[in-house]
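The primary structure of each chain is shown beneath.
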Amino acid sequence: MPVAATNDFTEPAVAPVASSTSLRQIASHPLTLRFVSFGLLLVAWEYAGRIPISVAFPTFLETMRGLLDMAGDGSLLKAFLITLKPLIAGLMISIALGVGLGLLMGLSRFSEWLLGPIFIIAQAAPLAALIPVLTFAYGIGLTAKIMTVCIMAMPVIVMNTLSAVRNTPVSLVEMGRAFLGTRSQIITRIILPAASPMIFAGLRLGAAAAFIGIVLAELLITPTGIGDLISYHQSVADYPKMYASIFSIIVFSVLFIECLERVETVLFRPEKHAS
Amino acid sequence: MTMFGYRLPMMTSLILWAVLWELVGHTEAGFILPPLSKIVMRMGEILPTPSFAEALLITGRSFLTGVGIAVLAGVPIGILMGRSIIADRLLLPWVNLFLSAPLSALVPVIMVLFGLGEATIILTVTLFAIWIIVLNARVGVRSISPSLVEMAQSFGASRWQAFSKVYVWAALPEILAGVRLGVIRAVKGVVIGQLLVSVVGFGTLFEIYSSHFLMEHFWALLLVLFAFAFALNEGMAWLERKVQYYAASRA
Amino acid sequence: MIASLANVAPHPGTAAQGSAIVSVRNIKKTYPGGVEALSGITLDFPEGQLTTLLGPSGCGKTTLLKIIAGLLPATSGEVLVGGRTVTGPGPERSFVFQDFALMPWASVLRNVAFGLELRGVRKSEREAIAVGHIAKVGLKGFEYKYPHELSGGMRQRVGLARALAVDSAVIMMDEPFSAVDEQTRRKFQEDLLGLIANEKKTFLFVTHSIEEAVYVSDRIVLLSRRPSRVSTIIEPKLDRSGDPEGIRRDPAYLDAVEGIWQSLKKYLD
Ligand SMILES: Nc1ncnc2c1ncn2[C@@H]1O[C@H](COP(=O)(O)OP(=O)(O)O)[C@@H](O)[C@H]1O
Ligand SMILES: [Mg+2]
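Chains as they are written, first to last, in numbering that gives the first Met the number 0: chain W, 0 to 274; chain H, 0 to 250; chain Y, 0 to 268.
It should be emphasised that the hints constitute simulated quantities derived from the structure, not laboratory data.
Heads up, some of the hints might be wrong.
Here are the simulated distance ranges between beta carbons [to be verified]: (1) T84/Y x C258/W: 24 to 34 Å; (2) S36/H x E257/W: 47 to 57 Å; (3) P8/H x E257/W: 38 to 48 Å; (4) P103/Y x P8/H: 31 to 41 Å.
For every residue, glycine included, the Cβ atom is placed at its ideal position computed from N, Cα and C.
Bound conformation, chain W alone:
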């Protein structure tokens, strides 16, 4: 039986690979494989672009050149600044309102009865279809885009906050009562901290949905920011720059969500970086 480099994994029962152990260990080292993984995809991208599989499929290097061009002439930064405004505004509103409503529903049976069904449906429903209605109601400006971000991001934040509050260990709340905590002390010092990991998980999902929403809004309502870069370069068939714009927003969203996680660990999870 070859020895894998990890202990959290049982070897494939039906795929015995007869090769030297040490080679396997190097080859299956997490970092090596991560490198290989990214390398393989980029090579595949470059190769597919060279064939080319389609006139509308630039190579990786062309795309990176397009990215550098846009970064150089400042158009990328300008686009990001425009996109970020409704994104951040919408996300802030969604977080404040979403966590607030989730807490309210978690703490009061009446508000859960009243609001719960709306958010249950909203979480399952394709709310993106509301974008045309929002455009009618708020015009083609910033407001409609902020609202788009809100309807995409809020349901998951609300529902996660609600179940986070509901999942607070009963014994912790009992402990708070036994040691004479007032209702507000129990909420702020026990329920909120206990719920915060799951609330943050909801925020990360909400942020991901907000990115989907802002790109959609910028493609559908009026082309602005990154959405404008994408649709403009698409219309003039400058595919490297179109792909570069898409590449940049995806990379940005991944970094943004990663940052959110760091902020959570540093500010709210002392037990994770203790001694």
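For this one, chain W is given, so just place chains H and Y with the ligands on it according to the hints.
Only chains H and Y with the ligands this time, still in chain W's reference frame:
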């Protein structure tokens, strides 16, 4: 929720909201949000029309095809990742990335590559649904007890037999949970795809209704979509509960 | 200032045998849904003693303890603590939870000081008190650790320190050792005896282990199967002045264990 000593079922508050909607619909806001009664009447009018039937057919077809591809590709990939550490290390970063990436930005890429047709919608659906299915199948396989794997081994199961007779069934609860989440994402994908392509299925209707400002029509379509999405979600959740005994008896 | 919180127990330490600090009067409890957990319990808990509620799992020990703690309303009957009717939790009672109920996001120090924090005691003051109790339960040096860094036994010591820190007259412990492995458990039982001897408090202890009950208790209340009633009260007169290991070899200890086993056996059939 109890009121005056009676237990009110969860969804009953929707009645209250429907009444509120009706009332708001009769104010100036009715311009944007027509009264519910009119929307429901309009629904009865739209549903039997051939254009609706055609849109439904195209949408349903591309939805089912997209989900089908996502399941048929996603479950084996997830199982592979659960069984092979190399595959796992190679693929997991990408699965995680696409799970939270703004996929709506990738729809234009699909559009320029595959044109403004059903293929683009199908691929959008697959793109939205597949990652969570992969991830759940992976988790499912990892939670299979080692003794079950040894059993398959000791009976000399071939690779294909082990896959089709052991892993899929043993990981079924997680796989189904993944498919349910994938289906919810797929519903969002099919709508986002059609909004962006706007010449296919409901996309055409969205475009016609909103450009002619037919708000009652538009809302009728929305309600049908939302009700469908909700029913689908509940149906899948029911199915998931049905196989729960698996998870219990497996441990 | 802490001492004033314990004003319900006006003469700590000088309690004569038999003067009850906690009195349970005909308590009945039926859970919503119809499970009748307690059917008329009347009991006195003498001040300064450790009284154990012993009975099979599911007989209602936790239920009774939580009613005394004021965490759960009784269906009928009343509980008196220091002569006053219990309507909710109070400063003269504190609780050690079966599952520890530690806050994973808080250090040992903050967990132990938490009862005082909720009462609005100043940070420096409550931390000084907490540090003392942390040392007393044998966790000196672990003040800034987090619960997930501790073993089960150590976590329960934190739970005990938290209950001691509020300086209440009555400390209730619900199967405090049930989630702790056997070796740790024995050591903990021995340490508990030492603590009790020094603290001059009244302990209400719950367990389903006969040996544990006999080892630590002044009085043992045997509860019958659900719906629970008091079946017998046993007072094992053990000499606890010597070495704690010796108790387990004391004939009185062995007799008491055997006696309880005989009287519990009839419920098992
Ligand atoms: N919240 C509850 N609702 C309904 N029944 C309960 C509840 N809590 C406990 N019970 C039932 O009451 C009985 C006594 O429970 P408990 O006091 O926890 O027993 P013990 O601590 O002696 O093991 C058990 O049969 C249990 O199932
Ligand atoms: Mg119990």
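Outcome of the hint check:
Roughly 55 Å separates the CB atoms of T84/Y and C258/W, a value that falls outside the hinted 24 to 34 Å. In this structure the hint that S36/H and E257/W lie 47 to 57 Å apart at CB holds, the actual value being about 49 Å. With their beta carbons about 42 Å apart, P8/H and E257/W fall inside the hinted range of 38 to 48 Å. For the hinted restraint 31 to 41 Å between P103/Y and P8/H, the CB-CB distance of approximately 36 Å keeps it satisfied.
Violated hint for the displayed structure: number 1, the only one.
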